[in-house]
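Q: Single-letter residue listing:
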Amino acid sequence: EVQMLESGGGLVPRGGSLRLSCAASGFTFSSYAVSWVRQAPGKGLEWVSGVSGSGGSTYYADSVKGRFTISRDNSKNTLFLQMNSLRAEDTAVYYCAKEIRLIAGLGGMDVWGQGTTVTVSS
Amino acid sequence: QSALTQPASVSGSPGQSITISCTGTSSDVGAYLYVSWYQHRPGKAPKLLIYDVIERPSGVSARFSGSKSGKTASLTISGLQAEDEADYYCSSYASSSTLVLFGGGTKLTVL
Numbered sequence: 023e024v025q026m027l028e029s030g031g032g033l034v035p036r037g038g039s040l041r042l043s044c045a046a047s048g049f050t051f052s053s054y055a056v057s058w059v060r061q062a063p064g065k066g067l068e069w070v071s072g073v074s075g076s077g078g079s080t081y082y083a084d085s086v087k088g089r090f091t092i093s094r095d096n097s098k099n100t101l102f103l104q105m106n107s108l109r110a111e112d113t114a115v116y117y118c119a120k121e122i123r124l125i126a127g128l129g130g131m132d133v134w135g136q137g138t139t140v141t142v143s144s
Numbered sequence: 067q068s069a070l071t072q073p074a075s076v077s078g079s080p081g082q083s084i085t086i087s088c089t090g091t092s093s094d095v096g097a098y099l100y101v102s103w104y105q106h107r108p109g110k111a112p113k114l115l116i117y118d119v120i121e122r123p124s125g126v127s128a129r130f131s132g133s134k135s136g137k138t139a140s141l142t143i144s145g146l147q148a149e150d151e152a153d154y155y156c157s158s159y160a161s162s163s164t165l166v167l168f169g170g171g172t173k174l175t176v177l
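Those protein sequence lines, which keep their order, are chains A and B.
In terms of this note's numbering, the first sequence has 93 at position 71, counting the first letter as 1, and numbering is strictly consecutive.
In terms of this note's numbering, the second sequence has 143 at position 77, counting the first letter as 1, and numbering is strictly consecutive.
Treat the hints as calculated values from the structure; they're not laboratory data.
Be aware that a few hints might be false.
As the list claims (entries may be wrong) - Output of the computed footprint for chain B on chain A, the stretches with three or more beta carbons under 8 Å from beta carbons of chain B:
id, region
1, 30–36
2, 83–91
3, 116–127
Claimed, not checked - Over the 12 Å line for every Cβ pair with chain A, so calculated as not near, a few chain B residues:
id, residue
4, Val76
5, Ser79
6, Gly81
7, Thr85
8, Thr89
9, Ser92
10, His106
11, Ala128
12, Thr138
13, Ser144
14, Leu146
15, Gln147
16, Glu149
17, Thr175
18, Val176
Because the structure is a prediction, the values reported are computed rather than measured.
All C-beta atoms, glycine included, are put in the ideal place defined by N, C-alpha and C.
Chain A with its partners taken away, still in its complex shape (with noise of 0.2 Å):
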């Protein structure tokens, strides 16, 4: 069965650091692209970052620029999020996705995890 299975969310202090991570299987997972999407309570879905099959292409939206860092061990079939300089607006729902193609951005996201969530308090 294919799945994407994320961990890491928890409370943190505003300022603070969490590291997410992303346990994907049922896939060759370098052989696709994986984003992190994080939805903030009452909100809609964000498009936060992400990395090409072989994680030497990464992209972020302007809101985490310089404070998030993704990354992916394809020996582990894992993804990451490094989120450093938290502020109270990070608070979210985060789902890593695996995309459809090799490159990111490109197509869309077709299996998504349950989530993980994330609460930085003020």
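With chain A fixed as given, assemble chain B onto it according to the hints.
A: Coordinates of chain B only, in the frame set by chain A:
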């Protein structure tokens, strides 16, 4: 970069058809064929319904269809069913500092 523009809500009766619009700019929806649509029910993972404007992943009902004209993409749901009640989001590749844009979401109510 602003989010793509969707109506906040739409409604329809069982058996009817509805269309949700998604308006962008010449830097995203208007420039590329990388528009996708998602169904999102509360507490669940989003589900890909349409990719590349018109393509349907295997397993997605043929009642869902996509189209695009200029800077506006559309999702049509035909033969509305109670189970279609959910939030729907469009997304597009964007040639800007933010690679992917989502719409603000549309809440579908089946009357």
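Q: Confirm or reject each hint.
A: Going through the hints against the structure:
no.	hint	verdict
1	30–36	violated (count 0)
2	83–91	holds (count 3)
3	116–127	holds (count 5)
4	Val76	15 Å, holds
5	Ser79	26 Å, holds
6	Gly81	28 Å, holds
7	Thr85	19 Å, holds
8	Thr89	15 Å, holds
9	Ser92	17 Å, holds
10	His106	7 Å, violated
11	Ala128	17 Å, holds
12	Thr138	18 Å, holds
13	Ser144	21 Å, holds
14	Leu146	22 Å, holds
15	Gln147	22 Å, holds
16	Glu149	19 Å, holds
17	Thr175	17 Å, holds
18	Val176	20 Å, holds
The structure fails to meet hints 1, 10 from the earlier list, while all remaining hints are met.
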